[in-house]
Every structure is written in C-alpha cells, then in structure tokens.
Amino acid sequence: MLDRRIFKEIDWTTILLMVVISVIGIIFVHSAIYSQSSKYVWKQSVWLLVSLLALLILLVIDYKVLLSFAFPFYILMNLILAGLLIFGKPVANTRSWLVFGPFQFQPSELTKVAVILLLARLFSDYKEDQMSFKAFFLSSALVGLPFVLIALQPDLGTALTLVPVLLGTYILAGLPRRYLVVILIVSCLVGFIGWNYGLKDYQKKRIETLLVPDQDPRGAGYQLKQSRIALGSGGLTGKGYHKGTQSQLRFLPARHNDFILAVIGEDLGFLGILAVFLIYFIFLFRLFSAVQVSPDRGGVYIAFLSAMLIGCQFMINIMMIVGLFPITGIPIPFLSYGGSSLLTNFLIAGLVINVKMRRFAYIRF
Amino acid sequence: MAKIYEDLSQLIKRSRLTLIIFSLLLFLILAFYWKIQILDHQKYWKMAEANRLRSLPLPAPRGLIYDRQRIILADNQPSFKVSLLRESIKNDSQTIERVSQLLNLKTEELKARIDRYRWLQTYGPVIIKDNLKLEEVALIEARREEFPELQLQVEPRRYYPFETTAAHVLGYLQEVSPEEMKGNPHKKWRGGEMIGKAAVEKQYDDYLTGQDGQLLETVDSLGRSLGEVNRIEPIKGQDLVLSIDLDLQKKAEGLLEGKEGAIIVLDSRSGECLAWVSSPSYDPNRFITRFSPEEWLSIINDPARPLENRVIRGQYSPGSIFKVVTALTSLETGLITDRTAFFCSGSINLYGKDFACWFKPGHGLLSLPEALKNSCNIYFYQLGRRLNVDTIARYARTLGLGQITGVDMPGEKEGLIPSSDWKKKTQGEAWYPGETISVAIGQGPVLVTPLQVAALTACLANRGIRVKPRVTRLEGKMGPVKDKTGINPETFEKIIEGMWRSVNDGGTGHGAYQPGFDICGKTGSTQVISREKAERMIKRGEEPAKTHSWFTGFAPRYQPQVVVTVLVEFGGMGGQTAAPIAGEMFKLYREKYVRQTNLQGN
Numbered sequence: 057m058l059d060r061r062i063f064k065e066i067d068w069t070t071i072l073l074m075v076v077i078s079v080i081g082i083i084f085v086h087s088a089i090y091s092q093s094s095k096y097v098w099k100q101s102v103w104l105l106v107s108l109l110a111l112l113i114l115l116v117i118d119y120k121v122l123l124s125f126a127f128p129f130y131i132l133m134n135l136i137l138a139g140l141l142i143f144g145k146p147v148a149n150t151r152s153w154l155v156f157g158p159f160q161f162q163p164s165e166l167t168k169v170a171v172i173l174l175l176a177r178l179f180s181d182y183k184e185d186q187m188s189f190k191a192f193f194l195s196s197a198l199v200g201l202p203f204v205l206i207a208l209q210p211d212l213g214t215a216l217t218l219v220p221v222l223l224g225t226y227i228l229a230g231l232p233r234r235y236l237v238v239i240l241i242v243s244c245l246v247g248f249i250g251w252n253y254g255l256k257d258y259q260k261k262r263i264e265t266l267l268v269p270d271q272d273p274r275g276a277g278y279q280l281k282q283s284r285i286a287l288g289s290g291g292l293t294g295k296g297y298h299k300g301t302q303s304q305l306r307f308l309p310a311r312h313n314d315f316i317l318a319v320i321g322e323d324l325g326f327l328g329i330l331a332v333f334l335i336y337f338i339f340l341f342r343l344f345s346a347v348q349v350s351p352d353r354g355g356v357y358i359a360f361l362s363a364m365l366i367g368c369q370f371m372i373n374i375m376m377i378v379g380l381f382p383i384t385g386i387p388i389p390f391l392s393y394g395g396s397s398l399l400t401n402f403l404i405a406g407l408v409i410n411v412k413m414r415r416f417a418y419i420r421f
Numbered sequence: 030m031a032k033i034y035e036d037l038s039q040l041i042k043r044s045r046l047t048l049i050i051f052s053l054l055l056f057l058i059l060a061f062y063w064k065i066q067i068l069d070h071q072k073y074w075k076m077a078e079a080n081r082l083r084s085l086p087l088p089a090p091r092g093l094i095y096d097r098q099r100i101i102l103a104d105n106q107p108s109f110k111v112s113l114l115r116e117s118i119k120n121d122s123q124t125i126e127r128v129s130q131l132l133n134l135k136t137e138e139l140k141a142r143i144d145r146y147r148w149l150q151t152y153g154p155v156i157i158k159d160n161l162k163l164e165e166v167a168l169i170e171a172r173r174e175e176f177p178e179l180q181l182q183v184e185p186r187r188y189y190p191f192e193t194t195a196a197h198v199l200g201y202l203q204e205v206s207p208e209e210m211k212g213n214p215h216k217k218w219r220g221g222e223m224i225g226k227a228a229v230e231k232q233y234d235d236y237l238t239g240q241d242g243q244l245l246e247t248v249d250s251l252g253r254s255l256g257e258v259n260r261i262e263p264i265k266g267q268d269l270v271l272s273i274d275l276d277l278q279k280k281a282e283g284l285l286e287g288k289e290g291a292i293i294v295l296d297s298r299s300g301e302c303l304a305w306v307s308s309p310s311y312d313p314n315r316f317i318t319r320f321s322p323e324e325w326l327s328i329i330n331d332p333a334r335p336l337e338n339r340v341i342r343g344q345y346s347p348g349s350i351f352k353v354v355t356a357l358t359s360l361e362t363g364l365i366t367d368r369t370a371f372f373c374s375g376s377i378n379l380y381g382k383d384f385a386c387w388f389k390p391g392h393g394l395l396s397l398p399e400a401l402k403n404s405c406n407i408y409f410y411q412l413g414r415r416l417n418v419d420t421i422a423r424y425a426r427t428l429g430l431g432q433i434t435g436v437d438m439p440g441e442k443e444g445l446i447p448s449s450d451w452k453k454k455t456q457g458e459a460w461y462p463g464e465t466i467s468v469a470i471g472q473g474p475v476l477v478t479p480l481q482v483a484a485l486t487a488c489l490a491n492r493g494i495r496v497k498p499r500v501t502r503l504e505g506k507m508g509p510v511k512d513k514t515g516i517n518p519e520t521f522e523k524i525i526e527g528m529w530r531s532v533n534d535g536g537t538g539h540g541a542y543q544p545g546f547d548i549c550g551k552t553g554s555t556q557v558i559s560r561e562k563a564e565r566m567i568k569r570g571e572e573p574a575k576t577h578s579w580f581t582g583f584a585p586r587y588q589p590q591v592v593v594t595v596l597v598e599f600g601g602m603g604g605q606t607a608a609p610i611a612g613e614m615f616k617l618y619r620e621k622y623v624r625q626t627n628l629q630g631n
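For the protein sequence lines, the chains are U and R, in the order given. In this text, residue positions in the first sequence follow the numbering used here: the first is 57, and each later residue adds one. In this text, residue positions in the second sequence follow the numbering used here: the first is 30, and each later residue adds one.
Isolated chain U (complex conformation):
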C-alpha cells in the first residue's frame, strides 16, 4: 500500500529549517543558563532526536488515515485533560503534567494536534463558500472544550494557543461578518466575567503591565523591563555569545524558554534577531505554501491550521518580549526550551509535510 515514491517528495528543507531553529535554541539555552546548562542541553537534545523520530513515523502514516482517527483522538485527549484536572498531582501549582520517569509530558501540547486534525476532518467535506451558523458554533464549541480544560489547570498561555487554530478555521471557512458581532459580544462577556471571576491576580497584573509597563518594576513589569533592557543593550551586533550581562547575571527571567529570543538579541544584537526572523519567515512561508499544493480540502485545513498555530505562537512571543502583547507564557516554537512543545511542534509541522508529500496522491501510473 505504501508508495515508495512519495518519500522522494518529503520536504527535507523544511525539516532542516526546524532542526536548525531547534539547534539555535539549544545553543542559546546553553548561553542563557550556563551554570546548569549541561542537564538542560542534554535533555533538549534527546527531545530533539525523539521529535525527529516521531516526525518520520508520522510521515509514514497518510494524513487521510490520521483524519479518520481524529474524533477518537480528540475525545481521548479531552478525557486525559479532564482526568488530569481530577486526579493529577500539581507540579508548580498546575495540573498539566504527566510524569514518566525522568521525562514529563504535557498532554495539553498534544491536544493541539488533536484539535487541528478534528477541525480539518470536520471541514474536509464542507464545501460552502461561507460558514454556516451551525459550523461556526460547532467549531467554536469543539475548540472551547479543551480550551476551558487547559485554562483550568491553570495554563492560560497554552490554552490561548488554541485560539489561532479556531481563528484559522474562521478565515478559511469564510466567516460571515455578522458572526463577528457574535464573537465580539461573547468575548466581551467572557472578558468581563473572566476579569472579575476567572483571572488570577498575577494574570491581571500582566495585562495591566502591558498598559503601564513601568508602574511596578519589581513585579510584573520587571520581566518586560529586563527583556527590553537585554534586547536594547544588545544593539546592532550584540555583546557576543555568552557575554550578555542581562542573562548571565540572571536579571532576565524565564530566559531559557519564553525569553530565549531576548538572550539571542542581547548576545547577537539586531543582526541576530534579523537572522532568526528570516529563518522563521522562510519556514512559515513554506508551511503556508503547502496550502497551495494540497490535493484536497482536508489537507488544506491541516496545512493552514498548523501554519497558523506555529505562526501565531511565534508572533505572540516576539511581540510579548518587547511589550506589544501581554506576557502570557507562550514560548517560541522550536527555539524555546521545553520537550513536549518541541515534540508537538515537530508533529504539527510534520502534518504539513505529510500533506505536501502526498500532493500527487490522485495520480496513479
């Protein structure tokens, strides 16, 4: 059943870009936390190999097969999330971790894959030019369920990464203007209720900090201020690898994950940032362009939603560390430290590659 020829169509360039970005990430995790870096570098390297392997395994399975399992997979992930909420042991005050020996895993990460597949499955038969209300409501509800489950862990940052997927669905399926009004009303309502009852104080503080960054330099604004100082003091060419004082002297918080780009900006300056942006842009461009060669509707959805998920995370993070977006704890895909998210991002990008390599599936010789 497996056609060997499709393996010639594997987009090795994209995979190489992913690996390059991941290796840059590991190099700068080493720079950021020199003193304890060997443990982190080793762990992340293992995760990189595991992710690559998982990617290759994923490519073997036709995405259409994956789509047919989308529903059970989605239900399974939601059950795990619900189970975590009920039975999970809190790690660092959140119930988001499954622990297997030395490795921990966040099911919320894999849930992203499930949501993408589910939406693609759902819309693969949907041929209308514009979104019906039923489709609108159904897709919103199906993203809403895991969103709430993850937000309750509480891990609002990861929950928020599901929003671009839903947004992508709206864009692709053609959201009528009148539904925008509904979205606006619902988000205002959710915002109001959430602000008064849902959000924790530290989360509110982060949003306030975005509006007035200098009001509390020791508290919530501290992270933003330090990250800006790191970037700004880097200048054009940076202070040199491993010479950034902001990260070396530990002024920069979360410098190996959420703020890894600030470390790069301090060590390598604006040119380093430019290089990262360029690599990322090429990478995102390749993901988006998979949409154009996708053989079917389901493939288009998979490619577009995956590109949206990775692209938006990237955008949010680069805006967050300079204060254009609230500090929500969203890491940069591939670059930031973190095993589960690395694996998930490899799988999501793998879905796109999977679609791309099977673009000629209808032509049989």
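To be clear, the hints were calculated from the coordinates, so they are not data collected in a lab. Predicted model only: the values in this text are computed from it and were never measured. Check before you lean on any hint, since a few could be wrong.
Not everything, but these chain R residues come out facing chain U in the computed CB check (under 10 angstroms) [unchecked claim]:
hint : residue
1    : LEU40
2    : ILE58
3    : ILE65
4    : ASP69
5    : TYR73
6    : MET76
So the derived label-pair ranges between C-beta atoms look like this [stated by the list, open to error]:
hint : chain 1 : residue 1 : chain 2 : residue 2 : range
7    : R       : TRP63     : U       : VAL238    : 33 to 41 angstroms
8    : U       : TRP98     : R       : SER122    : 39 to 47 angstroms
9    : R       : TRP63     : U       : ASP181    : 43 to 51 angstroms
Only part of the chain R face toward chain U is listed, based on derived beta-carbon distances under 10 angstroms [unchecked claim]:
hint : residue
10   : ASP36
11   : LEU37
12   : ILE41
Note that beta-carbon positions come from the ideal geometry of N, C-alpha and C, so glycine has one too.
Following the hints, position chain R against chain U.
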C-alpha cells in the same frame, strides 16, 4: 475523468491573504525591534550597566577640628553600621519584620525610617542602625546569605573627646533631613548621612566633608556581590584649626559653671576668639546616636536652653556698657570735651520725672573719665537730654552694634539699635526725647549680643579700627578683616582713660583688676524687669529679680592684645559678678601669652 482536484482556489486565496498579513505584521514588529535595539540602544545599555554594576559609597572621614595648640577637639572613631539595600528587597513587610528582629529594632520605627527615604532611588542604601556592638556585627556577618539586603560598613564616626567643652563652637552632627537632601541635590548626600547642623560643623561643613569614594561591584539579580570591579578611595575632609585656646576655654567654662551666660576672649589684633563660652553647654556626642527622639526632646525642652548659642544669639540690653557709645557720640559731635563736668546729686528731674543714679548719695561734680569710672547715670542723662537718638544710633552702628559682626558662625543675630525711624516703622509713633535719656545709659529697647560687645571693645582697644571676629585660625598670608570707623583716635584715648580708671582706680570695674596688667574695662548691669515693676516689688516687700551682669574690657592699655567680655544672666551688679570672672580670664591670658611683661610688672 472527473475532476482530479477539488476547486480549492477560494481557500488558497484566503490563505495567501493571511500570509501577506503575517508578513506585514512581522515587518512592523521588526521595525519595533529596530527601535529598541538600534535607536534606543544607548538608553538600554546604560540600564543594563546599572543592572550589572552596583556602586556603593565609601564614606570619607570628616576633617578633624583642632584648637590653636593642635589639640583635637573633634575626632573620628571607627564605627560599624548596617544599611538596607532596598533594591535587593523582594517582599517589603516580610523583610522589615525579619530585619527588625535580627537587629532588635522596633518594626514600626524601621518601617517609618525606610518610608522616609522611599523617594530616593532604590539603589541608594539607607542606614538603619549604627554604632553596632561587636556581637551584632558578628550576627549579621554570620547570616549574610539569608540577608543579602543588609550591608555592613565601617564608617568613621564623629567623636568629641572633651564632651561639653566648646560645644557651642564645634556644633554637632545630625542626620540630613529629606528636605535638606531635596533642597541640595548637588551635595549628593546619602540617606541617613550625618551632616553639620550647628556652629563650626555647619559653617565649615563643605570644608570638613571629604569626598566619598565609590565601590563598583557586579551583582546578581538578588543583589549579592559577585566581585569588585573598581574602587575609588575616599578623600578625607580637610582639617580645621580653631582659634580657640582649650585652656582658656576650659577656664572660662569653669567660671560660668552653674550659671547662665557667655564669655568671649578675643584677640583684639586679629579678631580670633580664644574662648567662646555659652553656658549651660551640652554634649555633642549625644547627637550622633540615631533613634533617640526622647533624648533630643529633653535637650530641646530644657528651660536653660543649652543649645542656644548665647554668644551670637542671645540678645541682651547692654546697660551701662552702652555709656561708652554715648560718651563717644558726645565727644565726636563736640557736645563735650573730656573736661566737661556735670553735678550728680543722686537723682535728677527730667521731663517731669525723677531719675536716680545707682549711687544714691550722688557722685558730686565729675568729668567724663570719672563718670565712666563710676558709671554715673546722672552724667549720661545730662548727655542724653542734649543728644538726638539718631545721632547716637549712627555712632552705635559705626562701632558695629545693631548688625551682625560677620563672625564665621551660622545663625548670628543682629541686636537692635533704636532710632526715630525704627520706632515709626515698628510702633507707628514718633520718638520722644524722654526715651533718649534711657538709651544714653543703655536701657530702653537697645539690644546687643555678647559678641557685638566684644567686637565693640576691640574697636575701642584699636582706637577706632574694627576687626571681624572669627573662630578659626588665620591661614597663610590672609590678614584679619579690618575696617576703619573714621573716628579720631584721640577721642578713644579719652574714653579709654575712663575705662582704665574703672578697673585700676577703684571704679565699678575694680573686680577685674590684675596687678601688672593694664586692664581697661566697663561694667554694666541691666534690669531684666522694668524699673516700675521692680519698685512695686520692693514696696510689696519682695526681692526684685536680679539684673544681668556685664563686664567688657581689654588689656594692655597700650598695644592691646586681648578683649574679655563676660555676661552672667541674673548675676547682679556688673562689678560684683562679671568683673572678677573677667579678671580671672585676663590673669590666665597674661600667664600664658604675656610672660615677659609679667616679669617686668612684678
């Protein structure tokens, strides 16, 4: 064959549009990074440096203060103090709680103290306790890891070895107040720094204050030091030599022991003060200790006002001392010569009122020198009724009264010389001649400070050359600040004759007489209450309050060297109390400084 591919063009169009929006957004974000990293680079670079490096002040020792014999009057002693680095504090109330427990301080006091300096930048350390005991130092040192926000420092601390001696010349140090810090940003005072708050310590604060050094060290985000980067050693403040002679100062203080008053011994040639006593005194060492508001209040609320520098801030009626001014005015205006005589019968009726001489039987017929010698009131009433108050005021001002002497001490008061203008301005009434006769004997609204009297005496001794008093030694080629009055020296000789007789010829000042030392002087007794009230008290059989007792004089008569001015509050007649004290001072001065004359004189 059916369609191989579905029509996906609509979806592809939407996807392309999204990618374009993404690209535009990415470009805008890149522009923002450009702004932060390239345009604002300098600003952030400085902030990063401030993050990395912490500068700590290395306090400079204050200059020492010596007396003229190079005896140290104000010294420095090493003292441990602990400061709080607020930038290292994570949780305010918890830290304050823990620190106050560690140092055995009251939590509220510590909190109030930190709040006082909250407006300062967070990297400025706030001194929270000093003069630590060795056990406390060991305790903090041992728990350094737990308290990265505490900083131990050895700081030189002011110490006055002679305690209350010369306190009014030296002054004291106190913590700089937040208001002063805000008012003088260029002085770069640290929170809780000790600065001169009175007398010489205040006047010469800039001179005595050294230049603080600076220690630059790298720190981590918890404020823990990672190592020294640079060290600028502090520069010690300059030493100051006072003109005070510790022996004369101690002697004078001993003479005023238990009394309230002032003594000035002043070199009439240079204006240098050899003794400067304001009694009672206080111990300036007590001001160094922080955190003792009770003690501070007890000093402030003492009815004897020990903090008041009576020498320049006490304003007293000059009494008969003022007669020399009246005499000088009369001679200079040609009203009288030294041979002009008036008859004293013990009392006189002027403007329909009886005025008495202090010597009830009367002095008989006397000329000016005799009138000065006996301090005869009638003689000066006679002059007063013939003089205009404004003429007296003009000469009084020429001699230095009614204005600050310009001594190098802060807070000097002007005193008061009344004139017709002054009365119109303050009371809205015209001056009437009856008041002039009170002024002529130094009563009425005339007010002088003891230092003004000493300066006036120096002017008399110098035969009309005023010299500016000072408490520091003249240095280098800088001469004394002198000022001619333009009054004929001959005129002074006539007054000096009267002053000489007062001490050496059985006059009112004979209590100051020292064999072999030609002292010329004048006594004064000033009524603290009005004459009417005193008479009423006597009628009622009560003892009237005693008068303030004055003596001022110089010696020797020719080529004068030294002026001694003594004021004893409620000391009674000038001749009884003040003159013998002045005599003691003249005696000691002569023993120390005029040995040869001493041998010849005996």
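Here is how each hint holds up against the structure:
1. LEU40: 5 angstroms, holds
2. ILE58: Cβ of ILE58(R) sits 6 angstroms from chain U, so the hint holds.
3. ILE65: 5 angstroms, holds
4. ASP69: 5 angstroms, holds
5. TYR73: 2 angstroms, holds
6. MET76: Cβ of MET76(R) sits 5 angstroms from chain U, so the hint holds.
7. TRP63(R) / VAL238(U): 33 to 41 angstroms: 39 angstroms, holds
8. TRP98(U) / SER122(R): 39 to 47 angstroms: 42 angstroms, holds
9. TRP63(R) / ASP181(U): 43 to 51 angstroms: Between TRP63(R) and ASP181(U), where Cβ atoms are some 46 angstroms apart, the hint holds.
10. ASP36: 9 angstroms, holds
11. LEU37: OK, holds: LEU37(R) within 10 angstroms of chain U, min 6 angstroms.
12. ILE41: At 5 angstroms from the nearest chain U Cβ, ILE41(R) passes the 10 angstroms test, so the hint holds.
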